[in-house]
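Asks: In case you want the letters, here they are:
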Amino acid sequence: MSAKTLYDKLWDSHLVQQRDDGSALIYIDLQLLHEVTSPQAFEGLRLAGRQPWRVSGSLATPDHNVPTTKKERIDGVDGIEDPVSKIQVTTLDDNCNEFGITEFNMKDIRQGIVHVVGPEQGATLPGMTVVCGDSHTSTHGAFGALAHGIGTSEVEHVLATQCLVQKKNRNMLVRVDGELSPWVSAKDVVLAIIGAIGTAGGTGYAIEFGGTGIQSLSMEGRMTVCNMAIEAGARVGLIAVDDTTLEYVKGRPYAPKGEQWNMAVEAWRDLVSDADAQFDEVVVLKAEDIKPQVTWGTSPEMVIAIDEPIPRPEDQKDAVTKEGYARAWKYMGLEGKTTLADVILDRVFIGSCTNSRIEDLRIAAQVVKGRKVASSLKQAIVVPGSGLVKAQAEKEGLHEVFEAAGLEWREPGCSMCLAMNADKLGNGEHCASTSNRNFEGRQGFGGRTHLVSPAMAAAAAIAGHFVDVNELVKH
Amino acid sequence: MRPFTKHTGLAAPLDLANVDTDMIIPKQFLKSIKRTGFGKNLFDELRYQDEGQPDQECTGRPLRDEFVLNQARYAGASVLLARHNFGCGSSREHAPWALDDYGFRSIIAPSFADIFFNNCFKNGLLPIVLQAEEVDQLFAEVTAKEGSEITVDLAAQTVTSPSGAEFTFSVDDFRKHCLLNGLDDIGLTLQEESHIRRYEEKRMNEAPWLFMSRGE
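One line per chain: the protein sequences are A and B, in this order. The opening residue of the first sequence carries number 699 in our numbering; numbering runs sequentially from there. The opening residue of the second sequence carries number 10 in our numbering; numbering runs sequentially from there.
Treat the hints loosely; a few may be bogus.
To give a feel for the contact side, a few chain A residues facing chain B, derived at Cβ under 10 angstroms [unchecked claim]:
1) 715
2) 738
3) 931
4) 1007
5) 1140
6) 1163
7) 1166
The list that follows gives simulated cross-link-like pairs (lysine-lysine, PhoX-like), each with its CA atoms no further than 20 angstroms apart [what the hints assert, rightly or not]:
8) A:702 <-> A:866
9) A:768 <-> A:1070
10) A:1093 <-> A:1067
11) A:1172 <-> A:1070
12) A:769 <-> A:784
13) B:211 <-> A:707
14) B:43 <-> A:784
15) B:211 <-> B:15
16) A:784 <-> A:768
17) A:865 <-> A:707
18) A:865 <-> B:185
19) B:43 <-> A:866
FYI, nobody ran anything at the bench for these hints, they're computed from the structure. Computed from a prediction, not measured in an experiment: that's the story for all the values here. Glycine included, each C-beta is placed from N, C-alpha and C at the ideal position.
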């Protein structure tokens, strides 16, 4: 038999039916649901008089709309002040009740961002197919699972059939060789990869991330890398299963136990690309070359190392790039600035499905400990990814470290990553954000987002502008 | 789903690469639990000077005159010409819903983001990939002459430019079949129920942990 990539193996093990026209029916093991992209899917089921194929194949939690202040959270869904958000969250509760789908609602300590909750509960397991009406579903690929975002019509399709009609992607390997430098994190790695291949570089591919620079990452770090595969255009990001994966999964509430655990581990050990597997495309980066990254523009590919000058439109050769850069310069208000240290920050956001896990919070706390947030900042907020991340952080006293430094400690949710709740940027405000998208208006109308790692966001909060975290921690 | 067979309509050129789904429909409009009514907020931040709110009446809002869809000559456009990587970013199906609700039937670009591309087919909206030079030619022709129409023929897999130049495009057989006939693909998949059941039985033996109840 010919050698297979990890993606090939996952595809083959979920193939229900290969059709003559080139499309295929793929079985979906887990669908994660949240309030924004599911209401129309449930409505579709109802209109067609259909029932979910298998309710244990779904898990739901509200995340996008939920408020993050204590005041608005104390009464669960009843406390949401925005009436439109409240309807959406209530609709998710009602739909899950009606169809018998397990939901971690706003009063459940397990509630949080779907992409934090799934792995945390062991609902996401190696070798699974995982989908969600959210493009950052690629996150779950960190477990050697085939995971990708879908639209609402497909959410309905999976609810009704537990399958999707798919066409196979091509295989890409992105290898990061060597050892990462101090304070260089998974976020810097993935931003550097996007900078190298562009936001459409992975379109049509499933990207497997490999090499020592990836293998050395914790599961939290691996999730950060796979999370942003979509920002490189790839719906699917993958990392092979190893001991780090198994150690993370073992003992989680939904993880197999006893004899089933042994059986699962035996199957999961095969979730690696064969040594002689062929990839359609291979990209190699040197870990040592990667420095702390900061985005300067309105696309994740508009990214530079902290010590680099901001690239200027007039230096670009390609006409479309030149125009795109000019538009980004104007939107981001970069005129008269040469480096990102020149950008005065208004807000700092530490959170999102990219960087709101316990490890992210520990690193940020380590940077701000014993320091004070710059007085020029209007706000710096830390939003844990789930109720359980929040509880763990509080057990470790991280919330006290943040609050002593002048950062706000919030309740779990997507928050300022996409500003569907009250947490948003004002027009023209600059934000150091650990989220995943710096598109125009993403964090609020006219808001200016700079994507960074938790360590770099924490350093920026202290300095009031971007600074190499290595420099900051020296003092 | 509404079928798509052949369509001739006024084309509007959106000359911007990497148009993301946040641009197509900003997040504040995603709070709706319906599939319709997004057209008035299509490209909201490119189209209007102020920040749009859900359920707001849009007729009196100040427009950005330079934006292509605000120009009188493109009123009633149903074919959108776009650039590289159109529809990148979030998986929100509200993006094709908004384009459809506004009146677009087809989008032509040199490349699309995967999830957006896929979502279009579920909504009777046809995304077409043409060579970059062909898209350039369409941009040039449409910009040069007011009232320029483009014809899209899905059965023949051709795009006809205002001057009569014909370009061919490729489309997956399954997607073409569903779109031409306006088929609901859930219904089609459920015809394969026995295959799904058989697959599940096999998997329950191989990997029983995948079928555990979620409990409380």
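Asks: Each hint should be assessed against the structure and marked as holding or not.
Replies: Here is how each hint holds up against the structure:
The restraint placing residue 715 of chain A at the interface with chain B holds, with a minimum CB-CB distance near 5 angstroms, inside the 10 angstroms limit. Proximity of residue 738 of chain A to chain B holds as hinted, the smallest CB-CB distance being about 5 angstroms (cut-off 10 angstroms). Here the hint on residue 931 of chain A is kept, as its CB sits about 6 angstroms from the closest CB of chain B, short of 10 angstroms. Checking residue 1007 of chain A against chain B: minimum C-beta separation of about 22 angstroms lies over 10 angstroms; hint violated.
Annotation: interface hint on residue 1140 of chain A holds; nearest CB of chain B at approximately 5 angstroms, less than 10 angstroms. For residue 1163 of chain A, the interface hint is violated, the least distance from its beta-carbon to any beta-carbon of chain B being 26 angstroms, above 10 angstroms. For residue 1166 of chain A, the suggested interface contact is broken, since its CB lies about 29 angstroms from the closest CB of chain B, more than 10 angstroms. Distance check on the hinted pair: residue 702 of chain A and residue 866 of chain A sit about 14 angstroms apart at the alpha-carbon level, within 20 angstroms; holds.
Taking the CA atoms of residue 768 of chain A and residue 1070 of chain A, the gap is near 23 angstroms; set against the 20 angstroms cutoff, the hint is violated. For the given pair, residue 1093 of chain A sits about 16 angstroms from residue 1067 of chain A by alpha-carbon distance, which is consistent with the 20 angstroms threshold. Of the supplied pair hints, the one linking residue 1172 of chain A and residue 1070 of chain A holds, its CA atoms being roughly 15 angstroms apart against a limit of 20 angstroms. A C-alpha spacing of about 15 angstroms is found between residue 769 of chain A and residue 784 of chain A, which places the hinted pair at or below 20 angstroms, so the restraint holds.
Between residue 211 of chain B and residue 707 of chain A, the direct Cα distance comes to roughly 16 angstroms. Compliance with the 20 angstroms bound is thereby established for this hinted pair. With a CA separation close to 15 angstroms, the supplied pair residue 43 of chain B and residue 784 of chain A stays within the 20 angstroms bound. For the hint linking residue 211 of chain B to residue 15 of chain B, the alpha-carbon distance of about 44 angstroms lies beyond 20 angstroms, and the restraint is violated. As the CA atoms of residue 784 of chain A and residue 768 of chain A are separated by approximately 16 angstroms, the hinted pair is consistent with the 20 angstroms bound.
Among the hinted pairs, residue 865 of chain A with residue 707 of chain A is consistent with the structure: their alpha-carbon atoms are about 15 angstroms apart, no more than 20 angstroms. Distance hint between residue 865 of chain A and residue 185 of chain B is fulfilled; the C-alpha atoms sit about 14 angstroms from each other, no more than 20 angstroms. Only pairs whose Cα atoms come within 20 angstroms are accepted, and residue 43 of chain B paired with residue 866 of chain A is rejected, the gap being roughly 31 angstroms.
When each numbered hint is compared with the structure, violations occur for hints 4, 6, 7, 9, 15, 19.
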